[in-house]
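Participant: Each chain is listed here by its residues.
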Amino acid sequence: MNATRYLPLFLTMAFVGAPGLAVAESLVVNSYGGPYEAIIEERIIEPFEEKTGIDVVYDAVGSASQDYAKIKATQGQPGFDVVVMTASQSLQGCKDGLLEKLDAAVISNLGKLGPSLAAVAGPCGAVHEVQYMSLLYRTDKLPSPPTSWSSLLAPELKGKIILPTFQNIMAVFLMEIMSVARGGDMIDHIDPGFDAMAELARQSIGFEQSSAILESYIKDGTVWAMPFWNGRAQLLVDLGVPVDYVRPKEGTIPLIATLNVPVGARNKQAAMAFIDFFLEKSSQEAWVTSYKVGSARTDIDIPDNVRKRQITTEADLKSLKLPNLSHVAEKLSEWGERWERDVVSQAN
Amino acid sequence: MSTIALTAPAAMPPAPAKTSGYLVLAPSCLVLTVFFALPMGTTIGMSFTDGETLAPTLAHYQRFFSDGLSLAGLYRTTVMSILVAVCVTVFGYPVAYYLARSRSRWRAVVFALALAPELAGVVLRTYGWLIILEDRGFINDALLNLGIIASPLPLSKNLFAVVVGLTHVILPFGILSLTTSIQGIDPNLERAAQMLGASRLSVLRHIVLPLSVPGIVSSLLISFTMAASAYATPALLGGARFKVLATMIYEQVLFYIDWRFAAVMAIALLLMMLTVSFLGIRYETRRSNRRTNSEGVFS
Chain A
1 MNATRYLPLF LTMAFVGAPG LAVAESLVVN SYGGPYEAII EERIIEPFEE
51 KTGIDVVYDA VGSASQDYAK IKATQGQPGF DVVVMTASQS LQGCKDGLLE
101 KLDAAVISNL GKLGPSLAAV AGPCGAVHEV QYMSLLYRTD KLPSPPTSWS
151 SLLAPELKGK IILPTFQNIM AVFLMEIMSV ARGGDMIDHI DPGFDAMAEL
201 ARQSIGFEQS SAILESYIKD GTVWAMPFWN GRAQLLVDLG VPVDYVRPKE
251 GTIPLIATLN VPVGARNKQA AMAFIDFFLE KSSQEAWVTS YKVGSARTDI
301 DIPDNVRKRQ ITTEADLKSL KLPNLSHVAE KLSEWGERWE RDVVSQAN
Chain B
1 MSTIALTAPA AMPPAPAKTS GYLVLAPSCL VLTVFFALPM GTTIGMSFTD
51 GETLAPTLAH YQRFFSDGLS LAGLYRTTVM SILVAVCVTV FGYPVAYYLA
101 RSRSRWRAVV FALALAPELA GVVLRTYGWL IILEDRGFIN DALLNLGIIA
151 SPLPLSKNLF AVVVGLTHVI LPFGILSLTT SIQGIDPNLE RAAQMLGASR
201 LSVLRHIVLP LSVPGIVSSL LISFTMAASA YATPALLGGA RFKVLATMIY
251 EQVLFYIDWR FAAVMAIALL LMMLTVSFLG IRYETRRSNR RTNSEGVFS
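For the protein sequence lines, the chains are A and B, in the order given. Each residue of the first sequence is one higher than the one before, starting from 1 at the first, in full-length UniProt numbering. Each residue of the second sequence is one higher than the one before, starting from 1 at the first, in full-length UniProt numbering.
Don't take each hint at face value.
To be verified - Computed far set for chain B versus chain A, every beta-carbon distance over 12 Å:
#1 30
#2 37
#3 50
#4 53
#5 70
#6 128
#7 136
#8 199
#9 239
#10 254
#11 277
Claimed, not checked - Stretches of chain A that chain B covers, calculated by requiring three or more beta carbons in the stretch to come under 8 Å of a beta carbon on chain B:
#12 204 to 211
#13 334 to 344
If you are wondering where the hints come from, they were derived from the structure by calculation, not from laboratory data. For clarity, every value in this text was computed on a predicted model and none was experimentally measured. For glycine and all other residues, C-beta sits at the position ideal for the given N, C-alpha and C.
Same shape as in the complex, but just chain A (with noise of 0.2 Å):
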């Protein structure tokens, strides 16, 4: 091939098509696959697109933890502009300087959020979505409800339950639950968790780490009660499982998911007109509608059987237990240590 013969048209394209390149304005969400893809793009990102004019690619690989991993590998670089994660890592990434701080000058829907939860997510997290650790339980396999996480120990549950894994925060979650319950606290008294946990693993089927698998234990009765997030929950209960969730009596702990930057992001200003809007209002609404979740505005407007099961108001806030997640971070370690000798060795 005579290359020369192709450079004129070479470079014309490079003059030509570069600047029209870079004048499209292109946003990279990083998120979930699965419903929460098709949920997103629907309800968020074509109305974002149509209001901006700004065309967002979805990029769904990768869990918030594979995600945080890619950030912290390419030094803040990973090459997506907005990342949903959760509270502990945006914790983490500010303390290592590899996610922007949110500022609500420039992002006005910050200010809208309760303040206990932003808190909770720290300064480089914009707190989303809000979903709670429920007790899921087999509507036809249990003559009532459950009403406390202590329930879990029921002897008819015995070989009945399954647990999550301790690398799924919903088992650290758990363990510091039924620490406050049986009279320790979330960090410096856990000693009551980790017995409470090991007499879980006695009287569980084992453990597992993902959501799915978690409940396809519950899919096919194989396991009449575990704990699980309330946003998959009510995605069952809507498929028609026969299954229902209960928040107990002792409280619960929130999953905090939030819209984060990294620094290197190519298109900071689009990243932070879509966390604006996504914190919209109307953006709010929608969403807490169709993904099932809870919010972090109070003064969002939802049908009431959707409130009631959501977090949705400054009394579901109160509600809700706030570990100190920059501790909780601290001990992972020595916790999971711990966990595999005190709790997984006592499994069936």
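Chain A is fixed; fit chain B onto it per the hints.
Facilitator: Chain B in isolation, oriented as in the chain A frame:
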């Protein structure tokens, strides 16, 4: 008298310059430097530094040797890899022998079947084993329905499940390695032995097996290193109760975000694999040297 015209001999091709040899090696050296040496150097550096101050420290190594869980993970990894290497070689040998010696038209079919598992991804194949082995799986379901057992057999979330899954994943590599080795053995040796009255079993034991030792060692080493570094199969089939170093490294990187301790685990895993590879290669080299020397005595 005829004369033979003497012509100058054709010029010999010039000996390749040393520099051209280096040039040939350069691309692979570059690739190894960029994709192996540099990341490995970074990993080693991380393992010896403090996460906050970056000061030199042995704390991560002290933790590895003192927490009990890490050494248990190393032990489980070693046992699992040895079992997988043995299973792959034992199950792969008859198939490899058939492939190397058979002239049947079914040979191509067997060859395709032996390699077929590679057409599906590791995760897919592992989920297949999960469906077969787990408490609610095919085997337990069938045995429970037939009334043979009262409660599910512990076929998953343990060493057994991981060895079964990994043997299936790695078997094609063992078969390929063994087939190549057996094909290199002169078939006339086997024919000669049989003509002199040796049984087929005797031929296999005294001729084929000893001559295929390089292939056996190669199969054991390939299987061992692949099993030791495997992540997906141990993660899915081993679960929370059977953790190997690869799954523990993943947890340290993604969940605990402790990359320095993960680096120590990765180095321990690498050293374990290098030690086994070194021992295997040294055994084969010594054996080969002894054979060459004994042949030299009689030649």
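Participant: Each hint should be assessed against the structure and marked as holding or not.
Facilitator: Hint by hint, here is what the structure shows:
Consistency note on residue 30 (chain B): stated as away from chain A, and its beta-carbon is indeed over 12 Å from all of that chain's, at 22 Å minimum. For residue 37 (chain B), the condition that its CB be more than 12 Å from all CB atoms of chain A holds, with the nearest at approximately 18 Å. Non-interface status of residue 50 (chain B) relative to chain A is upheld: no Cβ of that chain comes within 12 Å, the nearest being about 15 Å off. Interface exclusion of residue 53 (chain B) from chain A stands, the closest Cβ pair being 15 Å apart, more than 12 Å.
Not every beta carbon of chain A lies more than 12 Å from that of residue 70 (chain B), the smallest distance being close to 9 Å; the non-interface claim is violated. Distance check for residue 128 (chain B) against chain A: the nearest CB is about 15 Å away, which clears 12 Å, and the non-interface claim stands. At roughly 6 Å, the least C-beta separation between residue 136 (chain B) and chain A is not larger than 12 Å, which violates its mark as non-interface. Distance check on residue 199 (chain B): its Cβ is at least 51 Å (rounded) from any Cβ of chain A, clearing the 12 Å threshold; non-interface status holds.
Against chain A, the non-interface label of residue 239 (chain B) is violated: not every CB pair exceeds 12 Å, the least being about 7 Å. Non-interface status of residue 254 (chain B) relative to chain A is broken: a Cβ of that chain comes within 12 Å, the nearest being about 4 Å off. For residue 277 (chain B), the requirement that its beta carbon stay farther than 12 Å from each beta carbon of chain A is met, with the minimum near 28 Å. With a cut-off of 8 Å between beta carbons, the segment 204 to 211 of chain A has 5 residues touching chain B; three or more are needed, and the interface restraint holds.
For a cut-off of 8 Å, the count of residues in the segment 334 to 344 of chain A with a CB near a CB of chain B stands at 5, and the three-residue condition holds.
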